[in-house]
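Protein chains in written order, with the numbering used here: chain U, 1 to 154; chain S, 1 to 289.
Be aware that one or more of the hints could be misleading.
Which stretches of chain S does chain U cover? Using the computed rule of at least three CB atoms under 8 Å from a CB of chain U, they are [to be verified]:
(1) 213-222
(2) 270-279
Computed far set for chain S versus chain U, every beta-carbon distance over 10 Å [stated by the list, open to error]:
(3) P55
(4) R71
(5) L73
(6) Q97
(7) Y100
(8) R107
(9) T110
(10) R123
(11) K125
(12) H132
(13) G143
(14) L200
(15) W206
(16) H208
(17) S231
(18) R283
Now the in silico label distances, taken between C-beta atoms and shown as ranges [said to hold, decoys possible]:
(19) U:Q127 / S:E227: 21 to 31 Å
(20) U:R100 / S:Y157: 58 to 68 Å
(21) S:D284 / U:G60: 22 to 32 Å
(22) U:L41 / S:R64: 54 to 64 Å
(23) S:P85 / U:H151: 24 to 34 Å
(24) S:V276 / U:E28: 29 to 39 Å
(25) U:E123 / S:P85: 45 to 55 Å
Source of the hints: derived by calculation from the structure; they are not laboratory data.
Quick reminder that beta carbons are idealized off the backbone N, C-alpha and C, glycines included.
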Amino acid sequence: MAAMAALGRRLRELGRGVRGVQTPPRYEESSAEFGFVQRLLPPSRVPEPPPHPKYPTPSGWSPPAGPPPDLPYSVRRSRLHNLPVYEGQRQGRRLTELRRIHGDIWALERDLRAFLGSLGVPEVAAQVNEVTGTLRLRGHWGPQLRRWLLHRGF
Amino acid sequence: MIRAGAAALRAWSRGRGWAALSTEPPAPPAAPEPRKEEPPVLRSCRVPVLSPLSPVQAWVGSLRHPEDTLRGLADLHPDVFAVSPRLDILHTVATWQRNYKRISHARVRTRAEVRGGGRKPWRQKGSGRARHGSTRSPLWRGGGIAHGPRGPTSYFYMVPMRVRVLGLKVALSVKLMQDELHVVDSLEMPSSDPRYLLELARARRWGHSVLLVDTNEFPENISAAVEGLKSITLIPALGLNVHSLLKHQTLVLTLDAVAFLEQRLLWHDTRYSPLVPFSLPHRDAPGAA
Chain U
1 MAAMAALGRR LRELGRGVRG VQTPPRYEES SAEFGFVQRL LPPSRVPEPP
51 PHPKYPTPSG WSPPAGPPPD LPYSVRRSRL HNLPVYEGQR QGRRLTELRR
101 IHGDIWALER DLRAFLGSLG VPEVAAQVNE VTGTLRLRGH WGPQLRRWLL
151 HRGF
Chain S
1 MIRAGAAALR AWSRGRGWAA LSTEPPAPPA APEPRKEEPP VLRSCRVPVL
51 SPLSPVQAWV GSLRHPEDTL RGLADLHPDV FAVSPRLDIL HTVATWQRNY
101 KRISHARVRT RAEVRGGGRK PWRQKGSGRA RHGSTRSPLW RGGGIAHGPR
151 GPTSYFYMVP MRVRVLGLKV ALSVKLMQDE LHVVDSLEMP SSDPRYLLEL
201 ARARRWGHSV LLVDTNEFPE NISAAVEGLK SITLIPALGL NVHSLLKHQT
251 LVLTLDAVAF LEQRLLWHDT RYSPLVPFSL PHRDAPGAA
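Turn these sequences into a full structure, and let the hints guide you.
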């Protein structure tokens with residue numbers, strides 16, 4: 001019995017020797033090819049617009065002209081570098097909203113009234129919200145507002 | 001006035017000049033001009049501040065000594081620490097924080113669920129009593145409830161991400177404007193005794209509750225000191241929220257926490273809308289994602 005066990009043990013060792021010790025395969029860690037993955041990942045930040053030879057661009061966009069103007073108010077651009085003028089409708093009333101206003105909103109409202117008066121509007125209906133920094137006008141004045149803001153330098 | 005005494009003449013001969021003859025008191029030496037040293041700016045904003053904005057500043061102190069409060073200045077980004085005080089947004093975000101986790105388990109039985117009440121109690125006509133179909137109707141004592149709570153009810157809702165971010169910015173700005181925000185270079189303390197921290201807070205008049213914010217790791221002394229205290233809380237910068245900011249009277253940020261908050265909160269001002277969730281990897285998103 002013991003002789004049989006010993007024989008078995010010797011045969012098992014022989015077999016192990018014939019097959020060889022199974023070493024795990026050698027490997028190497030490298031992140032050299034991670035660039036191929038990274039270029040597929042989507043960007044998360046809106047890039048700065050590249051410089052164009054002529055403004056306005058074919059789509060009608062213009063950057064702010066030079067340094068911010070020396071006015072008591074300022075109108076900041078939106079996330080995608082556009083002017084914050086939005087047109088809409090509420091129950092059939094046409095509205096134009098000017099958002100992202102900082103500083104003295106009432107001065108901006110006075111200047112806007114003067115501008116729209118020069119366009120020929122007899123009575124300008126405007127709603128100023130000081131807390132949120134927004135200004136609403138009755139009627140669709142989008143293109144005129146954008147041209148006026150660009151002219152002002154925002 | 002000119003003196004003409006013997007001592008004055010002797011001083012004159014010794015070469016003291018006209019000053020020896022005059023009786024006016026000698027002019028005091030000119031006081032030394034106070035040294036106009038600008039306090040050093042220990043930290044400037046990593047994200048560029050575009051004109052017409054300019055950074056707001058706060059004094060940087062430390063916790064190593066109760067009087068070590070004026071080490072230098074830190075520049076804080078105005079789009080995080082000087083936004084307009086939108087109390088309506090603070091209310092929105094604080095209410096959301098209270099209610100979105102709420103699940104109300106109130107539940108009562110209706111007339112169908114109350115045990116019994118299957119049989120008509122007495123005949124329809126002739127008994128003299130009001131007509132009833134079941135002893136467990138809402139009219140009966142012990143009967144079911146007609147329009148009661150049928151829980152569990154969830155009050156979950158989400159406020160847009162940018163509103164929550166703006167809530168944090170408004171809370172930080174309000175803390176700074178109300179002189180309740182203090183910047184510290186690090187949270188290192190000379191001892192781990194809670195009484196030292198309480199004495200420091202009392203000496204600096206910080207108020208009855210203090211919120212200490214640092215980035216990932218805290219020194220041992222401050223963790224041990226804050227452990228037993230109820231009025232002083234220590235949180236990582238990732239855990240900053242509007243409810244904690246409103247609950248605690250004073251906010252103490254380290255310079256690392258200020259940099260972390262500026263980077264994370266300002267990213268939302270210039271990011272795209274998520275085509276894929278931001279929890280998936282993006283090319284230049286801040287944080288681990």
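So, going through the hints one by one against the coordinates:
no. : hint                        : result
1   : 213-222                     : violated (count 0)
2   : 270-279                     : holds (count 6)
3   : P55                         : holds, 16 Å
4   : R71                         : holds, 32 Å
5   : L73                         : holds, 24 Å
6   : Q97                         : holds, 22 Å
7   : Y100                        : holds, 24 Å
8   : R107                        : holds, 42 Å
9   : T110                        : holds, 42 Å
10  : R123                        : holds, 60 Å
11  : K125                        : holds, 58 Å
12  : H132                        : holds, 51 Å
13  : G143                        : holds, 48 Å
14  : L200                        : holds, 38 Å
15  : W206                        : holds, 30 Å
16  : H208                        : holds, 30 Å
17  : S231                        : holds, 33 Å
18  : R283                        : violated, 5 Å
19  : U:Q127 / S:E227: 21 to 31 Å : violated, 54 Å
20  : U:R100 / S:Y157: 58 to 68 Å : violated, 27 Å
21  : S:D284 / U:G60: 22 to 32 Å  : holds, 29 Å
22  : U:L41 / S:R64: 54 to 64 Å   : violated, 44 Å
23  : S:P85 / U:H151: 24 to 34 Å  : holds, 32 Å
24  : S:V276 / U:E28: 29 to 39 Å  : holds, 32 Å
25  : U:E123 / S:P85: 45 to 55 Å  : violated, 33 Å
Violation of the numbered hints given earlier is confined to hints 1, 18, 19, 20, 22, 25; the remaining hints are satisfied by the structure.
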